[in-house]
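Protein chains: 2
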Amino acid sequence: MTERARVIGTSVPKRDGADKVTGRTRFLHDLELPRLAHGKILRAPHPHARIVRLDTRRAARLPGVLAVITGADVVQHPFGFAKDQLALKTGKVRCVRDEVAAVAAETPAIAEAALELIDVEYAELPAVFDPEAAARPGAPLVHDERASNLTDLRYQFSHGDVDGAFGEAAAVVEGEYRLDFVTPACLGTMVAIAEWDLRDQLTMWSTTQVPFLYQRDLAHALGITGDRVRVLQPPVGGNFGRGLDLCPIDVIAALLARPARRPVKIEFERLEEFVACPTRERCIIRLRTAAAADGRLLARDCHVVVDNGAYVSWGSTTPYVMLSTVAGLYRVPAVRFDTTIAYTNNPYSGSMRGYGNLESTFAVESQMDELAARLGLDRLELRRRNATKPGDANPQGFVIGSCAMGECLDAVGAAAAGLTPPAPGWKRGVGYAAMFHVGGGARIYKSDGCGAIVKCDDFGKISLITGATEIGQGSETVLAMIVAETLGVPLERVEVVNSDTAVKPWDVGVHASRTTFIAGNAARLAAESLRAKLVGMAAEELDVPAESLRMADGWIFVADEPQRRIAYDRAARAGHLREGGRTLVAEAFYDPPTGMLDKDLRGNVSAAYGFAAQAVVLDVEEATGVIRVRRVVSAHDVGRALNPGAAEGQIHGGVHMGLGYALSERLVVEEGRILTASFMDYAVLKAEDMPELVVRLVESMDEEGPFGAKGLGESGVIPVSAAVANAVKDAVGVRFTALPITSERVHAALGGRRA
Amino acid sequence: MTERARVIGTSVPKRDGADKVTGRTRFLHDLELPRLAHGKILRAPHPHARIVRLDTRRAARLPGVLAVITGADVVQHPFGFAKDQLALKTGKVRCVRDEVAAVAAETPAIAEAALELIDVEYAELPAVFDPEAAARPGAPLVHDERASNLTDLRYQFSHGDVDGAFGEAAAVVEGEYRLDFVTPACLGTMVAIAEWDLRDQLTMWSTTQVPFLYQRDLAHALGITGDRVRVLQPPVGGNFGRGLDLCPIDVIAALLARPARRPVKIEFERLEEFVACPTRERCIIRLRTAAAADGRLLARDCHVVVDNGAYVSWGSTTPYVMLSTVAGLYRVPAVRFDTTIAYTNNPYSGSMRGYGNLESTFAVESQMDELAARLGLDRLELRRRNATKPGDANPQGFVIGSCAMGECLDAVGAAAAGLTPPAPGWKRGVGYAAMFHVGGGARIYKSDGCGAIVKCDDFGKISLITGATEIGQGSETVLAMIVAETLGVPLERVEVVNSDTAVKPWDVGVHASRTTFIAGNAARLAAESLRAKLVGMAAEELDVPAESLRMADGWIFVADEPQRRIAYDRAARAGHLREGGRTLVAEAFYDPPTGMLDKDLRGNVSAAYGFAAQAVVLDVEEATGVIRVRRVVSAHDVGRALNPGAAEGQIHGGVHMGLGYALSERLVVEEGRILTASFMDYAVLKAEDMPELVVRLVESMDEEGPFGAKGLGESGVIPVSAAVANAVKDAVGVRFTALPITSERVHAALGGRRA
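Residue numbers (the working numbering), protein chains in the order written: chain W, 13 to 767; chain D, 13 to 767.
Incorrect hints may have been included.
Calculated lysine to any residue pairs in the SDA-like style (CA-CA distance at most 20 Å, straight line) [unchecked claim]:
#1 W:Lys32 <-> D:Trp208
#2 D:Lys32 <-> W:Leu45
#3 D:Lys32 <-> W:Leu48
#4 W:Lys26 <-> W:Arg38
#5 W:Lys741 <-> W:Leu709
#6 D:Lys32 <-> W:Arg270
Read the hints as simulated data drawn from the structure, not as lab findings.
If we strip away everything but chain W, and leave its shape as in the complex, we get:
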């Protein structure tokens, strides 16, 4: 490591940024291949129905149609988190997105026309849309072969004397918090291209964000071995967790490509994206919190009901993270947690940025404000008294290393300072919320590692081949920075390669805000190994011991005699372009020093933890219920801001998504049908809707993190809705326990207070 960071800590534009804003990025949508066929999927029109007849003969006869398949025509295997669905449904359909047939044709229009020619007769079945109703005996069974609609998922945790704590508490608050479906609304819809070669090996071009798990899961769904699947990842237009599940689109593309004997591309239109893209799950959180008179938290007791939808997906595993919040956001000695996760005939969810933590933080932080009110304490002071500190071990056994939660809370005080007062008829409120999240990976799989290969060519061009996946989060930029800093070479000499599973070393994928930390450490280790080789070459050229040499600014020089130096690329050439020469390639694998949670959900799942606090300042017009967010102050313990501009950008994006969750976004699903299927109906906040954002990066310099960094990708989105709800309460005195807090709801709650 150089003594003074040259690259780390400077704000570097994202590498993919200029291409994206100038329209140059070649997304998977843009990929054309010779002989490319286009696939379309026929979906169920009913949330629950038996398939009585399915006849594809008319469709198959349409000129230009290359293949029509149904579940009866293909060999497929159950897939998904609980292996409870087939890509092409047989027997019955369980939600309105269910896939019953697919067509490959010369053009998308022909494929679309062919869908119309598929004759399907359904017998509708009684359906169930409420998870609590679904869990009751006698409810219509979503999966006939199961005894009930309860899934096999249940997250139970208990630590300390919860009942005792509630008995002796000075204050107890409780509430039921209802969170609804939202969708990531990625600007780039889902796409899959599948191609079988003549050796029966499958190449997939995919929008996945977990290519190696995808390789495994897709192979399983197709009944082939994983070594026969190669995954290519062109740039994606957003993912936000969408790409964590293997989805029917991927399996169907592969199934279609076999009889079509062509590469087959399936590309969602916007409507289909709203219907079939994984969403954030619908859930009900029932939480009680107990505190002592001085504000010390004594216990929390939580029960979460998750609407699983028709099939189990990663979305139903979010209680895993909700528990971490309930047990780990602030010091709390006694915790009880349980879940009900039930099948319904609703669409099923997936993973989405923040992954349960938005939902649980909404509940937990709503109750922090209520406790402060109940105990007559300042809301920030209550939080400071309960703040996690370095060295803490929480009820689950998470071991806290670096932690600047207190500083984050301090940094969001006086959030409204300098703002013009609210207009007449408007009430101002300030709300606070903090956040606790993994920041050093999350060992959900047996390996939480990432590999890296670094090479240096004769021109001093450094290639980092990383296992990591870029989904717009800026990982390529920060990984290049880590390599440049480690090697002491100019940043522009470093290229990042990460789009082909046949090339890149293994990585779990993008989730749990892990890429900078895990892939960053792998890149750093590989670069250190390369540096040692390079310095060895320079030592030979300069005729000095390698130990005496340092690298910085593209030079390798004698530490005590900096004028004795050689350009690093010259050293590379000198070591290579001679008899008995060598080229420069090094590799590393980093797996963090963590463990998987045991069956009691205990263990230390991450090598570092991130903390943040937010303040939301907003004005509410009492007559109309209109909310105008004026300012969000977001303070984040990021360990170290490797690329401060990008870190700030991640937080901006998170706050944007969080404000949508809090105020405007809702995927309206009624009787299993999705009613908001365009950007005319689904209200993503526009640039003009955004308030002033103030980001404060707090550096706690994590010991395990690369150059001190911790994960950050999700922390901006997590506390927003809680802080908004607390601010609305502060402004107009009404506590909202369901999201989004729309003007209509506020207006209704205020009863036209000034009307």
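Start from chain W and add chain D according to the hints.
For chain D alone, coordinates are given in the frame of chain W:
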């Protein structure tokens, strides 16, 4: 290494074969990109002329034209072997392929139309087309700034007492051999796509076969550093040496892409391919050979005149290899060699398979037959008496390791056995020729190395990322075999990746039949390193010392107790999918133990040498001069045939190309103009023209070669034309010293003998 080879030595279909014959291969021609612009080049109509006026304004105004450039509009730097040309010529043109302007447009048709609108006025200059005339004082100067038309290239060598040897010889033969232009006639024409990104980094999709040298040379021509050039190599439809030079098409694509602000594709049509694809050079070889009465060679004296054409290319360096033949094909104690390489106003050549060795072998082996006749010795016996033996060091200092030249000569005896006798009016002849070529790389650059990275994923899929370049020669297949054999895993589990300079480690490129040997050794070393890691993981699982383990057929097992075993992919997963796990990546670089030739052209340039002998059996119709080749027997010391079917295929291809050179192919260039510019005029042999081919693979098991192998890519083509000429002489008694030996020439020489 496993005890018994499982993969090596079996005939495995080429991996690219099925895709190619079924039309699935995606050549560079097939690549479409969003916003792709199409480039066309305007060439000089005169072999030598001053550019008086060059006005592109009309072309630039054509709708759909994106950019028009001339040498005046761009910053370019001289490139080529002698750095004596600009991609876009300024001042004057020196041959008819000279590029004077280029257009990028929305479509190829618009670009073509725009070329017509470029106004160029030329003042024709006296031209020179004969290299010997060009070398004389007073000849028109091709390059005005030079004192004469002699290039700076001269290959001079002298060893032993040549004049003394000629004085005491029992027989001396001499002759002048005239070789003409031929073209590789690749079915896939040359293509280049250039794209500058917003960081001003250049990505080139290219038909190059030396991507890292191309990266260097293109950067130099553009005046940028090599680290800003990334080279991508889609499959090519043949190369045969064409891709060794950087060509104007590549530079112009890059120059056009800047003002077009788009990716620009230039794709040669067939006519343009005939005009602008590098050819085999035109030359005159004057050779004398002296022998003792017992047939022992005493000396050779050779002078080669090369028609350099307008610019120096790799084609003018072929005397470097011609010398190796003159000094190294058979034992010859005294050798003198010199060259005259002169600029002319002809098109310039490039490198082409065999690279000088066809030409010099034609001369040398023609004289072997003449010596046999003069001394009354059997032609094969004369050759046997002079055959190179293992342990020889030749006059240049080449050190011969494995060598089965004698066996190869033995193997081609009785070549005509079993053939039906010639028809009435036809005369049968049998001709022999042998061949000596580098077979273990050729250190022409300071590094003759290649890098390899091998990784194994959780599914047991092995990726070999090799520096090597596949140009249809079958290298991917043989490299996969080497890795599979080294690891003891099934061949189908091994993938080869080799198409991106940002990913693959360094390699000189495809030339000198080096890939199997050099890249094969690199792959073997990397695989050995991976195997050690994998065996270490298995040792942990099986709880035995790693030394006790072996790998074969996908299993890792205890040598003495083969039933104690673990599947290799399970071992990989066990080593990875745990806390503190590792993934499997290994790398290696192999640079052969050789040296560059010194200024006197001495040294040991290759780590192994290949030998071959051929017999050609043909019938000549005396009345018409028509030649029908009946059989070619080709015996090759390949060290070891790693993939016998592919080795045979390489030889088949070589013989096809050699027969074309001998009998039918000639790029007719008259007064600097190319008159054969389609497959109607340029006579490549068709499948139905091919004789029976008998290949005998002789295995000398080279100690340094991977699994004993030596290079083979060029050896099939080298002796053919000499053997054909010797067979024609044998049949009808006429010695042809110029190629091709067409029916017309034979007819003329026979004077209508039976007419």
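Consistency of the hints with the structure:
For a cut-off of 20 Å, the pair hint linking Lys32 (chain W) to Trp208 (chain D) stands: about 15 Å separates their Cα positions. Taken as a hint, the Lys32 (chain D) and Leu45 (chain W) pair is honoured in the structure, with Cα atoms around 16 Å apart against an allowance of 20 Å. Proposed proximity of Lys32 (chain D) and Leu48 (chain W) is supported: the alpha carbons are some 17 Å apart, at most 20 Å. Of the supplied pair hints, the one linking Lys26 (chain W) and Arg38 (chain W) holds, its CA atoms being roughly 16 Å apart against a limit of 20 Å.
This hinted pair does not check out: Lys741 (chain W) and Leu709 (chain W) have alpha carbons roughly 27 Å apart, beyond 20 Å. For the suggested pair Lys32 (chain D) and Arg270 (chain W), the alpha carbons sit about 19 Å apart, so the restraint of at most 20 Å is met.
The structure fails to meet hint 5 from the earlier list, while all remaining hints are met.
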